[in-house]
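Q: Here is how the chains run, residue by residue.
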Amino acid sequence: MIDFEKVKQTVGGKKITLGAVLKSDGSTVATKTGGWRSLRPVTDFSKCVKCGNCWTFCPDASYKKNEKGYFEVNLDYCKGCGICSEVCPVKCISMVREEK
Amino acid sequence: MTKKVMEASHAIAEAIKMIEPDVIAAYPITPQTHIVERLSDFVADGELKSQYINVDSEFSALSACIGASATGCRAYSSTSSQGLALMFELLFITSGMRLPVCMSEVNRALSAPINIWNDHQDAISCRDSGWLQFYVETGQEAFDLSLMQFKISEDKDVLLPSMVCMDGFTLSHVYEPVDITTKKLVEDFVPRYKPVHAVLDPEQPLTQGPIGFPSEYMEIRYAQCAALNNSIKTIEKVFKGFSDKFPVQIKNSRPERYYHVEEYQLHDAEIAFVAMGSMCGTIKDVVDRLRNRGEKVGLLKLITYRPFPKDAIKKSLKGIKKIAVLEKAISPGVGGVLCDEIAGVLYKTDTQPDIRSFIVGFGGRDVKLDHIEKIYEMTKNDKGSKEEWMF
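For the protein sequence lines, the chains are A and D, in the order given.
With numbering that gives the first Met the number 0 applied, the first sequence covers 0 to 99.
With numbering that gives the first Met the number 0 applied, the second sequence covers 0 to 390.
Some hints here could point you the wrong way.
[Stated by the list, open to error] Below, computed lysine to aspartate or glutamate pairings styled on EDC-like, alpha-carbon distance capped at 16 Å:
# : chain 1 : residue 1 : chain 2 : residue 2
1 : A       : K13       : D       : E215
2 : D       : K182      : D       : E19
3 : D       : K373      : D       : E235
4 : A       : K5        : D       : D154
5 : D       : K155      : A       : D75
6 : D       : K250      : D       : E175
7 : A       : K22       : A       : D2
8 : A       : K14       : D       : E218
[Said to hold, decoys possible] Some but not every residue of chain A turned toward chain D, in silico, with C-beta under 10 Å:
#  : residue
9  : V20
10 : K22
11 : S26
Keep in mind the hints are simulated off the structure, nothing from the lab.
Note that the Cβ used here is the ideal one computed from N, Cα and C, for glycine as well.
With the rest of the complex left out, here is chain A (with noise of 0.2 Å):
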């Protein structure tokens, strides 16, 4: 086991850990990209099937299921690329600049 507190230092006032080694939980949910985004999905959950291509390809695990079986993309991690447009079915995913 790493005994992080050691590893860890303090330089120009911040702490950081020997060769950037991070504890995994959580690290990737503290740094949100979705900023880098300048398109955005939306969904069409009239046109739906619920089929979950756009939750099993998105590269950065944004989607998620609701309660009534359908995927919302979170847009906090969202970076835009639009694989989930591009993998629909049935194309219900529209990619929208963001300024729009």
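Following the hints, position chain D against chain A.
A: Chain D alone, transformed into the frame defined by chain A:
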């Protein structure tokens, strides 16, 4: 003590056998081949319990070592020239992730034109990669440094990769008497690696090699550079410990006491040669000849090159009036690399010595006694330019 006449490459293989890396990953390339062939023999014959990974390239070799080391085990590789060049990207990743991978680097010229013989351009071109670099003169030093590099790299205050650089052919394929000591003593001296930051443990999942945002990258690089600078103390400690535990068995096969630099006839010298690697043996012969003629000349040999032993160099060259740096690598457009660095160290010191760069031995060109005598005459009589190519 076991005194044997053996090839320097085989001496390194014997050292690595005693060290028992958990993983060896290497791709054969001239003139490194005799090391890895011997190691794969050891593994195939059951004499060495390492996992030997046959890979498709040097890029894969170092990648495998990084992966292995990231799980917390001891990893080793060896390469030369184009192989090291192919590893270039991964050299920085190894040091950035603070993985103590150890390597034997058999110095060979870089293409083009293609050339399999010795110079230092390959390793010197990787001097900024954050690896520790040591240069050896003899088979004995190659053996000893190959043991010491693990103890240094794996020290909890260092945790950086290291390469022991040995001249291709002029040393790697030369037979010399080597004291290969005993495995028991080596095990006492270099204990098993106990990782403090990189382990494979399902109970504690980790992310290694993550993205470093502009908000943290600079601090992480600072910590890495500080570790390399501070490693100078650990190296000194390990050199001292080794010299105590393993006294010289074969006369002139290595320095009496290991240190970052070796001084040869420097005590009252007015003119000094500075060099690294196997050519130091030839230079020592010339120093003896010149001393017999009453010339006050000596040699400063660098063993530690990264971290650059600034204080040791300053101390050794104190009071020297003229310095001739012999080097087998160049930074085109600037000149001799080592000469520049030595000049930098000596800037604003009292004596302000005259420093000249002599480019020798590229692509396996012999560095002869005559070359070195000529270099001495030129330095003494202020002949030639600041950078001379000795063809």
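Q: All hints are to be evaluated individually against the structure, with a verdict given for each.
A: We went through each hint and held it up to the structure:
{"no.": "1", "hint": "A:K13 to D:E215", "in the structure": "8 Å, holds"}
{"no.": "2", "hint": "D:K182 to D:E19", "in the structure": "10 Å, holds"}
{"no.": "3", "hint": "D:K373 to D:E235", "in the structure": "35 Å, violated"}
{"no.": "4", "hint": "A:K5 to D:D154", "in the structure": "15 Å, holds"}
{"no.": "5", "hint": "D:K155 to A:D75", "in the structure": "39 Å, violated"}
{"no.": "6", "hint": "D:K250 to D:E175", "in the structure": "12 Å, holds"}
{"no.": "7", "hint": "A:K22 to A:D2", "in the structure": "10 Å, holds"}
{"no.": "8", "hint": "A:K14 to D:E218", "in the structure": "9 Å, holds"}
{"no.": "9", "hint": "V20", "in the structure": "5 Å, holds"}
{"no.": "10", "hint": "K22", "in the structure": "7 Å, holds"}
{"no.": "11", "hint": "S26", "in the structure": "6 Å, holds"}
Of the numbered hints listed earlier, those contradicted by the structure are 3 and 5.
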